[in-house]
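Kindly produce the complete structure, drawing on both the sequences and the hints.
Protein sequences appear in the order of chains A and B. In terms of the numbering used here, the first sequence opens at residue 2 and continues consecutively. In terms of the numbering used here, the second sequence opens at residue 8 and continues consecutively.
If you're looking for bench data, these hints aren't it; they were derived computationally from the structure. Ideal Cβ positions, reconstructed from N, Cα and C, are used throughout, including at glycine. One thing to keep in mind: the hints can contain errors.
Some residues of chain B that are not near chain A, with every Cβ distance over 12 Å (derived) [claimed, not checked]:
1) 20
2) 23
3) 24
4) 29
5) 49
6) 56
7) 75
8) 77
9) 89
10) 90
Ranges between beta-carbon positions, derived for each pair [as the list claims (entries may be wrong)]:
11) 119(A) x 85(B): 41 to 47 Å
12) 10(A) x 115(B): 21 to 27 Å
13) 60(B) x 23(A): 18 to 24 Å
14) 15(B) x 79(A): 33 to 39 Å
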Amino acid sequence: GAGVSQTPSNKVTEKGKYVELRCDPISGHTALYWYRQSLGQGPEFLIYFQGTGAADDSGLPNDRFFAVRPEGSVSTLKIQRTERGDSAVYLCASSTQPGQGASTGELFFGEGSRLTVL
Amino acid sequence: DQQVKQNSPSLSVQEGRISILNCDYTNSMFDYFLWYKKYPAEGPTFLISISSIKDKNEDGRFTVFLNKSAKHLSLHIVPSQPGDSAVYFCAASVLGSARQLTFGSGTQLTVLP
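Spelled out as structure tokens, the structure:
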């Protein structure tokens with residue numbers, strides 16, 4: 002498809018388990034972002050990739066969270082030893098390279114992966 | 008410390024009337040502002056944006072106003088349509104940065120037929 006694709010759409014896991022969430026950005030988009038949206042809140046920034054490298058991971062809440070983008074396209078968000086407080090919708094977004102183009106602020110979001118930690 | 012605030016969690020408007028959604032920010036470094044719309048079970052979609060060098064930007068039924076001195080922006084939708092019913096998020100960023108957006112908590116708009 003033409004949009005940002007995220008899998009799984011829903012994931013239910015038990016406390017302490019390991020989880021991977023996948024994001025397939027729009028073809029040609031070099032920038033990729035992960036956000037987390039908790040109930041009743043707006044999306045909160047987690048990490049930003051420019052190409053293969055994590056240019057800004059200041060939003061990751063702790064070292065249980067890690068993300069990779071090995072080939073500069075698909076990204077995986079990895080959560081170790083999940084806790085109930087990790088339950089949220091994890092949103093991935095992509096965009097053209099920052100600073101280029103007229104729409105300098107537009108991110109294209111996927112539908113999100115809803116994570117529930119029991 | 009919420010840098011972008013949407014103080015109204017919900018708003019109901021009659022079809023055909025004007026909807027006004029408000030947003031306040033505290034970080035004076037923000038110089039680019041966006042509105043996103045979100046339907047249930049979908050990701051946010053970009054609606055309209057404004058740079059701090061402007062005080063108004065219009066796109067069809069949607070107009071965003073920016074008051075830098077008050078650190079306030081608003082989204083006007085006129086006329087409102089039932090299909091506009093959604094959660095609206097205000098977001099802000101610093102141009103020239105990596106477009107890391109800071110979002111408000113959203114306002115649920117319901118347009119009544």
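Here is what the structure says about each hint:
1. The Cβ of residue 20(B) lies farther than 12 Å from every Cβ of chain A, with a closest approach of about 21 Å, so its non-interface assignment holds.
2. No beta-carbon of chain A comes within 12 Å of the beta-carbon of residue 23(B); the shortest separation is about 29 Å.
3. Here residue 24(B) stays apart from chain A, with its beta-carbon at least about 26 Å from theirs, past the 12 Å limit.
4. The claim that residue 29(B) lies off the interface holds: its Cβ sits roughly 14 Å from the closest Cβ of chain A, which is beyond the 12 Å cut-off.
5. The non-interface label for residue 49(B) is inconsistent with chain A: the shortest C-beta to C-beta separation is roughly 6 Å, within 12 Å.
6. With a least CB separation of 5 Å from chain A, residue 56(B) falls inside the 12 Å interface cut-off, contrary to its annotation.
7. In this structure residue 75(B) is separated from chain A by more than 12 Å, as the shortest Cβ-Cβ distance comes to about 16 Å.
8. Listed as outside the interface, residue 77(B) is consistent with that label: its C-beta sits roughly 21 Å from the nearest C-beta of chain A, beyond the 12 Å cut-off.
9. The beta carbon of residue 89(B) sits about 22 Å from the closest Cβ of chain A, which is more than 12 Å, so the claim that it is off the interface holds.
10. Its beta-carbon lying about 19 Å from the closest one in chain A, residue 90(B) satisfies the requirement of being farther than 12 Å from that chain.
11. Hint check: residue 119(A) to residue 85(B), Cβ distance near 45 Å, so the stated range 41 to 47 Å holds.
12. Take residue 10(A) and residue 115(B): their Cβ atoms lie about 22 Å apart, and the range 21 to 27 Å holds.
13. Between residue 60(B) and residue 23(A), the C-beta spacing of about 39 Å breaks the proposed range 18 to 24 Å.
14. Residue 15(B) and residue 79(A) have their C-beta atoms about 37 Å apart, which keeps the hinted 33 to 39 Å range intact.
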